[in-house]
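Asker: As you go down the protein sequences, you meet chains A and B in turn. Using the working numbering, the first residue of the first sequence is number 1, and each one after it goes up by one. Using the working numbering, the first residue of the second sequence is number 1, and each one after it goes up by one.
Hints listed in this document are in silico derivations from the structure and should not be mistaken for laboratory results. Built from N, CA and C at the ideal position, the CB exists for glycine as well. Don't take each hint at face value.
Label-pair ranges, simulated between beta-carbon atoms [to be verified]:
#, chain 1, residue 1, chain 2, residue 2, range
1, A, Thr38, B, Phe284, 52 to 62 Å
2, B, Arg295, A, Ser112, 52 to 62 Å
3, B, Leu50, A, Glu41, 34 to 44 Å
4, B, Arg295, A, Leu9, 40 to 50 Å
5, A, Pro159, B, Gln446, 29 to 39 Å
6, A, Pro99, B, Ile128, 28 to 38 Å
7, B, Ile11, A, Pro99, 28 to 38 Å
8, B, Glu49, A, Glu41, 27 to 37 Å
9, A, Pro99, B, Phe45, 20 to 30 Å
A few chain B positions that, by computed beta-carbon distances, are all more than 12 Å from chain A [as the list claims (entries may be wrong)]:
#, residue
10, Val30
11, Ala101
12, Leu115
13, Gly124
14, Tyr163
15, Asn179
16, Ala189
17, Gly196
18, Trp228
19, Leu287
20, Ala327
21, His330
22, Gly364
23, Gln398
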Amino acid sequence: MERFSPIFLISGVITFLLGFFLQGALPMITLKDMPIKTIAEVAQNPPAEFYQLAEDYPAEFSRYYGEPNPESFAKAIKLGKETYIAEACWHCHSQFVRPVSHENLRFGPVSSADEYTNEMNLPHLFGTRRVGPDLIRIGGKRSNDWHAAHFYSPRSVAPYSVMPTYPWFFDAQQRPNEKGLAMISYMQWLGSWVPREESETIYNVGSMPPHANPAEVQ
Amino acid sequence: MAGSGRPLVNIGLVRAHLTASAVFFCVLIVAGLLFALQLTGTYPFPGVELMSPGRVRMVHTNMAAYGFIANALIAGMLWAIPRLTRQPILNDILGWLIFWAWQAICAATVLGLLLGYAQAIEWGETPIFVDPLVMVGLVLLVINIATPILRSKEKGLYVTLWYFLSAFAWTGLVYFMGNYFPEFWVPGAAGAAITGLFIHDLVGLFVTPIGWGLMYFFVPILLRKPIWSHALSLIGFWGLAFFYPMQGVHHFLLSPIPMYAQYAAVVATIAIEVVVTTVIVNFFGTLHGRMDAVRNIMSIRWFYTGMVGYAITCLQCAFQVTLTFQAIIHFSDWVVGHAHLVMYGVFGFWIMGLFVELWPKVVGRPWYSTRLLTWHYWLSTLGLIVMFVDLLAAGVMQGFLWRDLHHWADSVIASMPFWWARTFSGLMITVGSGALFYNMWMTAKQPAAAAEPAVQPAVA
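Work out the full structure, taking the sequences as your base and the hints as a guide.
Answerer: Printed below as a string of C-alpha cells:
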C-alpha cells in the first residue's frame, strides 16, 4: 500500500469518486425528475413591477428592451443575473431562506429545491455570507424607484448600508441604463413566483427605523 | 541522482515559484485590506467600476488560493520530491513553462475578475476562459513532478509522497468538477451540492494533503528525529483520504439540497475530526523532547503554530457543522473568521515557514535580519489571533441579532467596531509580511561573498 499505483488509484481516484457519488451524484439523482426550465420558461409571467419599469423609464426601456413582454423580461433577467455574478453580489447576499432563525418571518417562505431547477440558477447563487439581507424573496418588496436609488447610492435609502455604489448602472442623466434596468428587473423577478399574500413579511409593513422592536411594528 | 549530471533540485525554479508566491501575497493582502475598508465605510475608490469592492474581494480569495498558496506548494514539492526519490523532475524546460503558464493564469484571473468576467463558483471565480488553461497546467505539473516518484527505486514511498500522489489525482478532478458541473450542466440545489464539494475539496484535497506532506518532510529533518508513529501516519492519511471527499454539502446546510446529503456531510465532518486528532498527536509526539526547537528554529515555530491553528480549526468544524450551530453562525462573520484561520493561520503559516526555511537556500545567502523574522512572526500571529477572535465574536452577535428579528441595519451598526478591529488586524499582518518581504529582498541582494552554507539562524 506504500507504492505509486495503489495510493494514486485508491486514495486519489476512488475516494474522490466515492465522495462525488455520495455528495454530488446522489443529490443530482434525487432531483433529476424536476425538469430544468429555460430562462424563457421562467420569464413567462413578468411581475407587475416589470410593466411598471417600462412606464418609469420609458425612453431607456424602449431603447434597450422595446416592449415589456415575456421576451424582453427574459432578456432583462438574463443580463441581470450576469451582472449580479460579475459584481459578485452573491458574496454578500444569499439566495435561500432557511427553516431556522425566524427567516420565514424576515424574508418569506422557506426555499425548496424546485424553485432553483432552472437556467437562472446555472450556476446557482445560494451564497454563503449575508452582509446584506437574503434576496430570494425581494421581488415586489421594494419599488423600482427604491432599487434605482439604492443601486446609485445605497445610503440614500438605507443610511447604514455598507453596500458599494454602482454608478455604471446609470447613464449621464442618472437614469438606469441597460444594466441598471436589468438589475432592477432581476431584483423584481427574485421570488415573484411565490404568491404575494404568502410572501408577506415584516418588510412589507415598510421601512422600520433601526433599533425598532419588530414586534411593536407588526 | 539519475546519473544524468543534472542537479537533483532545480533551485532556480523553486526560487521563482517562491518569489511569485510572495508577489501574489502582496496582491491578495492589498485586495483584502481594500475590502475591509469597504465594510468600514472608508473605501478609497468609491464608484470606480474596475475597483468595485465586490470584484476586489474575489481577487483577494483567488490570489490566496492560486497565487500565494499554489505557487508556494509547488515550490515545496519541487524541493521535496527530488530529495525523497533521488530523481530530478521530468523536464526543467517543462517546469519553466508551467511556471510562466501559472503566473499568466494568475494575472489573467486578476484582470478578468476586475473587468467583470467572474464565474459564480466560490473559490473558483477564475474566468471561464482561464479554466481550460488551469486544467492543462495542472496535468502538465503532475506529469512533471509525479515522474520522479514513478521512477523512484526506493522500496516503499515515504508518507509525504502518499499525500502528494493523492493530491495529484484529486486536484485536477476537483477543479474540473467544481468549475464545469455547476456552471454548465447542473443547476440549483444539485449544483450547490457540487459547489459545496468544490469549496471543501479545494482546501481539503489540494491544499491540505500537500501541506501535510510538506510537514512530514520538513519537520523530521529540522528536528533531526523520525516521525513519532508510522501507524498514526497511516491512520491519518487513509482517514483523510476516505472521509475528506465526502463532506462537501456541509457548506450549504439547511438549504434546499436533499436532507440526507446534509446529514451525511455532518457525520463525515465529525468523523474526520477524530482522524485529524491522530495526525496532530503524531506531530506533537514528534516534537516531544525537542520543545526548544519551537524557540530556536523559526521555521519549526511557524509549522507548529500552524498545527495549533489546524487543531483549533478542526475542533471548530466538529461543532459548527451541527445544525444547532449552523442556525446561528451561518452567513455571519464567524465563517469568515474560520476561513482566515484555515487559509492563513494554518496553510499560510506553513508557507511562511517554507519561506523562512527555503529562501536562504535558494538564494545561497543567510537571512539579512533575524530581528525582522521575529517581527514578522509576532505581527502575523497576533494579527491573526485578533482577526480570528474578532470575527468569531462578530459572527455570534450577528447571528443572534438576525434570529431575534432586529432590523437588518442593527446588525450592520453593531458590526462596525468589529470590522474596524479586523481592518487593524489586517494592517498588523500587512506590516509583518512587509517585514518578511523586505528581509527576503535584502537577503537576495547581499553580496555573494557573504554566502555561507545556508544555515538557519537561531532566533529569539
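Asker: Evaluate each hint against the coordinates.
Answerer: Verification of the supplied hints:
no.	hint	result
1	A:Thr38 with B:Phe284: 52 to 62 Å	holds (56 Å)
2	B:Arg295 with A:Ser112: 52 to 62 Å	holds (57 Å)
3	B:Leu50 with A:Glu41: 34 to 44 Å	holds (36 Å)
4	B:Arg295 with A:Leu9: 40 to 50 Å	holds (43 Å)
5	A:Pro159 with B:Gln446: 29 to 39 Å	violated (55 Å)
6	A:Pro99 with B:Ile128: 28 to 38 Å	holds (34 Å)
7	B:Ile11 with A:Pro99: 28 to 38 Å	violated (57 Å)
8	B:Glu49 with A:Glu41: 27 to 37 Å	holds (33 Å)
9	A:Pro99 with B:Phe45: 20 to 30 Å	violated (40 Å)
10	Val30	holds (17 Å)
11	Ala101	holds (23 Å)
12	Leu115	violated (9 Å)
13	Gly124	violated (10 Å)
14	Tyr163	violated (9 Å)
15	Asn179	violated (10 Å)
16	Ala189	violated (4 Å)
17	Gly196	violated (7 Å)
18	Trp228	holds (18 Å)
19	Leu287	holds (24 Å)
20	Ala327	violated (4 Å)
21	His330	violated (8 Å)
22	Gly364	holds (33 Å)
23	Gln398	violated (8 Å)
In this structure, the earlier hints numbered 5, 7, 9, 12, 13, 14, 15, 16, 17, 20, 21 and 23 are contradicted, and the remaining ones agree with it.
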